[in-house]
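K.L.:
Please dock the two separately framed chains into a single complex, following the hints provided.
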Amino acid sequence: MSEPISEAELQAYADGRLPEERHQAVEAWLATRPEESERITAYRRLAHEVRSAYETMLAAPVPHRLAQAAARRPQWRRIAAVAGWIALGIAIGAPAGWQARPERTVTQVVPDTSLFARRAAVAHATYSPEVRHPVEVGADDEQHLVNWLSKRLGVKVRAPKLDDAGMSLVGGRLLPGENGPVAQFMYQSQNGRRLTLYVRTEASRNRETAFRYARENNVGVFYWIDREVGYALASADLSKEELLRLANLVYKQLES
Amino acid sequence: MDEAKRLVELIPRLRRYARALVGDRATADDLVQDTLERAWAKLHLYRRGTDLRAWLFTVMHNVHVNRVRATRPVDPLDEEMPELAQRGTQSDGLLVRDLDRAIARLPADQRAVLLLVTLEEMSYEEVARTLGIPIGTVMSRLSRAREKLRTMMLGQPATTKLKLVK
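Chains R and E are the protein sequences, given in the same order. Residue numbers for the first sequence follow the working numbering, so the first one is 1 and each next one is one higher. Residue numbers for the second sequence follow the working numbering, so the first one is 1001 and each next one is one higher.
Quick caveat, the hints were computed from the structure, so don't treat them as lab data. Please read all numbers here as calculations on a predicted model, not as lab measurements.
Straight-line alpha carbon distances no greater than 20 Å define the calculated EDC-like cross-link-like pairs of lysine to aspartate or glutamate that follow:
1) R:151 / E:1034
2) R:151 / E:1024
3) R:156 / R:202
4) R:161 / R:140
5) R:151 / R:228
6) R:151 / E:1030
7) E:1005 / E:1037
8) R:240 / R:164
9) E:1005 / E:1034
Next up, chain E with everything else stripped away, as it sits in the complex (with noise of 0.2 Å):
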């Protein structure tokens, strides 16, 4: 089935996303697995002929969202984060890892459209009917998250910084 090599292909940008998302490779791969599952019971509600990707973002996006809401919110910080780079220098190391780190402290809501339109390099209006938003939101979300994860990455005391310590 022409599907299921596509759905293999895919898994390499399912699970880059899922990993920027949910901020360790385990429970990214969770996600994708449950995505996988999800995908082939509704198969029947894929379209042929449309964009496979953004079918399944969506449907990465409804398993998320309930895995969210079914788990107990887990911070991010406690945990090690998982080392991304393979190669380079230290200090691209520590920036990888900041980075990272950041991304985890943006709002949930705003770190989708970030990663959509970063990672995924998908256009506002994918990325809108992906995540079900008007494309205003998808804006305002976006500017939203650049601005939190710059102000981040300057070291500067931001008060959304403090904001988002608990």
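Extracted from the complex, chain R is given alone in its bound form (with noise of 0.2 Å):
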């Protein structure tokens, strides 16, 4: 008579990974027992289905950010970033000349805002350029996208859809602030043409302004406040008219 048969043999026997021997032993033995039989039958059966339930992970288009982090942007690239980050606000910021223009009347004097629309055009002017890296996580992934900077800034943020005024999302990232983190959308029209979104959260929850214009080293920006969340929209490469389509489309999406 052979040894007596385990549980784990039982198991080892489901996954087929029994030596030849012992797998006739465990079939002659389930062979007289039928509840154990159609249990370990079951476990094959499940052991399949399990398989098949996620299989349509192996075939599914592996998010930027994953390819990113497995593939390991080396360090230099983000000192670079930064550092072109510095470079660029220090040769926009340091013109005497420049200053928010407005263009209608604000309703309230709001004095930081020139900074804000120079940090966005400065955002603008570091990341649309990028060719392989122009997001941290891509459109593709925007459910995520969305909660994490939510997340992140505190407020909820969404990234509005401006494929019926030909640019579609390209993803988004994560922004130094003076106040907290800031949310940079992207987005890009068919012949390449990108456009940002920057989106910072307010000290002050109470005031709103008018559309803004400012222009710096050929990024245009429209800018303004609503309650809690201040939004720029920036693009060197549409004209002030195009922007400002953009920017009350945006508005209105995001106004609710």
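P.N.:
Written as structure tokens, this is what we have:
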């Protein structure tokens, strides 16, 4: 008589991992025990079903952020990006003639908004020329992007849909701001023209401004504040008229 | 670097396991991202020539345990499960969904063992090394996980099911 069959051996049998001799012993043992046989058959079927249930994950396109994490974007790229950001800040900020020119009267005087527009212009100038790494999280993962940025900013942010205006979402990233994290969404037209929406939280939650326009080093910026959130729409590739039209679209979508 | 290429190749498998382990795709991808970042930080601990996949799953296991500890547990049943199957009949879709939910209801320790054996088709020894547990524990957790899963999928009002309902 052969050795008794253990539960571990039954599991290995279900996985088809027993050596031939034990496999046969288990088979013979099960032949006279219909309940046990049924149980082991169910395990086999379940294993097969579990594999098919998650099979689609193997073929699913890999999100940009994961490919990037696996390839480990070298540290110097980040450092270069920051250095570029600072250099551009100096270049844009330094000329004494720079100032925001209000298009319309603002509903309230907001002293720091020109700095806001400048930051948005700098961020646009830094990231929009990026070919390989324009965003941290791609539009293929929009839900995650929006959840993540909302969590970090502490307010619900959304990426407006501008497809009808010919601009599709590329993705977004998190940036440092004076009063905490800032979100940047990037859009691109079919012919490669780029637009960024810079979103920050406002310390004062009760103010609203009209659209204001600023232009610096070829980057046009429309910006406004809507209670707890400040928005700046920036592009170096679009005319002021096109940018205003898009700003209106963004404003309408985010108003609610 | 060779490791970078291998890591990229292993992403789909890490995602599949993570998706089954945590119950939704966004959290799974967060787990995979943390794992990859951790792997790069700890790459000097990886011994070249050994199985990078097994090492990576060990890293993922540790990252996962730390994440679970750090976050408030969420009831996976509260959230709408994203669809996994892209094709198939409606009943196939329902099966996938039920299975996904049943797996989410397994105790975390048992779920990890079941998925490494079933999805990754790791040997029991590899599973023991990956999770840092004795092989006897692997076998008993596998046995319990399977039996619970079977009971849940039979739709029996089993006592185990009642215990899981909070």
